[in-house]
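In the numbering used here, the protein residues as written are 1396 to 1692.
Read the hints as simulated data drawn from the structure, not as lab findings. Source: prediction; values computed, not measured. The beta-carbon is built from N, C-alpha and C at its ideal position, and this holds for glycine as well. Any given hint could be a false lead.
In the PhoX-like style, the derived pairs of lysine-lysine whose C-alpha atoms are separated by at most 20 Å in a straight line are [to be verified]:
| # | residue 1 | residue 2 |
| --- | --- | --- |
| 1 | K1621 | K1397 |
| 2 | K1470 | K1397 |
| 3 | K1603 | K1621 |
| 4 | K1686 | K1397 |
Label pairs and their calculated CB-CB ranges [stated by the list, open to error]:
| # | residue 1 | residue 2 | range |
| --- | --- | --- | --- |
| 5 | E1425 | V1638 | 16 to 22 Å |
| 6 | A1634 | G1427 | 47 to 53 Å |
| 7 | E1678 | I1460 | 37 to 43 Å |
| 8 | P1440 | G1553 | 38 to 44 Å |
| 9 | H1409 | E1520 | 37 to 43 Å |
| 10 | V1638 | H1409 | 40 to 46 Å |
| 11 | P1559 | H1409 | 40 to 46 Å |
| 12 | V1677 | P1559 | 19 to 25 Å |
| 13 | P1447 | E1520 | 16 to 22 Å |
| 14 | E1503 | P1440 | 18 to 24 Å |
| 15 | I1460 | G1427 | 31 to 37 Å |
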Amino acid sequence: MKIGISRPYADPGHPIPDVDMGAICQIAEEVGFDWVTYGHHTIRPLEEAVKPPHFGVPLYLDPLIGAARGLALTKTLEVSTGVLIMPMQHPVVVAKQVATIDRYSGAERFFLGLGTGGASRLEIELTGGSFERRWAYTMESIAIMKGLWTEDRFTFKGEFFDFPPTLLGPRPATQPHTPIWLGGFSDAVLQRIGEHCNGWLPVYAGAKLAFGAGHAGTDSAYDDLKAGRRKLHRFAEEAGREVSHFDINVILTPESATDVVRGFEDAGADRLAFTLPEVTSVEEARAELEKLAGRVL
1396 MKIGISRPYA DPGHPIPDVD MGAICQIAEE VGFDWVTYGH HTIRPLEEAV KPPHFGVPLY
1456 LDPLIGAARG LALTKTLEVS TGVLIMPMQH PVVVAKQVAT IDRYSGAERF FLGLGTGGAS
1516 RLEIELTGGS FERRWAYTME SIAIMKGLWT EDRFTFKGEF FDFPPTLLGP RPATQPHTPI
1576 WLGGFSDAVL QRIGEHCNGW LPVYAGAKLA FGAGHAGTDS AYDDLKAGRR KLHRFAEEAG
1636 REVSHFDINV ILTPESATDV VRGFEDAGAD RLAFTLPEVT SVEEARAELE KLAGRVL
């Protein structure tokens, strides 16, 4: 199992002391981590009540630009978005950006983690998306990106987009395309992964469930992960899709204990990311990364 880190979960505040992702990735690779994942939010509506775990939409750096910087400054580190909020994006633009990042970094170093946000309706709507149709838009976007990455003559007609014969290039170095992971817990999310994607990004509070989310009959993160993995393969089989392995990539909340590595490995996780505490400088980040590496690597 690969061990990594997730960006500070806390809101970096305003003005934004969000630490350079390139520096974070360089230090992470130096001290022995395998993976860095980085979240996504854009603008903060100032008078809208938002859903937990956020209490005010965080002011993060752009995760695709950050991933490109982090990958350019490292040699072996894997980087993912965790997660890019797709209802605020155009699939052609993301397809081009991801293909470029993938080609520059080399095959199988970048992974596209997607989600639909949901903490803030306004954040999605003010960037042109539909809050009510956010999952429909996301899945249509995934179909478009996969087609653009793999087909010489791509056509598409859906609810949101109508493509005449189209070609996108250059394509990702990873074949057949950059892996797509989805964040979430519901059976609907797992079904979407089983039918269309390559991996799952759940969030847990150490060995416990987080945010009250979990599959029926599970009371621990380990059991929940096992249940989710079984469902992924069942949904894929029911859809007639042959997938021998789905990447399962766990992000842990900040309060999580560090003695959970073996439990998640036994439960079938491929990657485990510990969330950095709040840091405001590269020096603080290095100290925390070195301390964390000493406990979990």
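Hints and how they fare:
1. K1621 x K1397: 18 Å, holds
2. K1470 x K1397: Measuring from Cα to Cα gives roughly 16 Å; hence the hint holds.
3. K1603 x K1621: 13 Å, holds
4. K1686 x K1397: 18 Å, holds
5. E1425 x V1638: 16 to 22 Å: Since E1425 and V1638 have Cβ atoms about 35 Å apart, the given range 16 to 22 Å is violated.
6. A1634 x G1427: 47 to 53 Å: 39 Å Cβ-Cβ, so the 47 to 53 Å window is violated.
7. E1678 x I1460: 37 to 43 Å: 23 Å, violated
8. P1440 x G1553: 38 to 44 Å: 29 Å, violated
9. H1409 x E1520: 37 to 43 Å: 22 Å, violated
10. V1638 x H1409: 40 to 46 Å: 43 Å, holds
11. P1559 x H1409: 40 to 46 Å: 44 Å, holds
12. V1677 x P1559: 19 to 25 Å: At 48 Å between Cβs, range violated.
13. P1447 x E1520: 16 to 22 Å: 20 Å, holds
14. E1503 x P1440: 18 to 24 Å: 37 Å, violated
15. I1460 x G1427: 31 to 37 Å: 25 Å, violated
The earlier numbered hints that this structure contradicts are 5, 6, 7, 8, 9, 12, 14 and 15.
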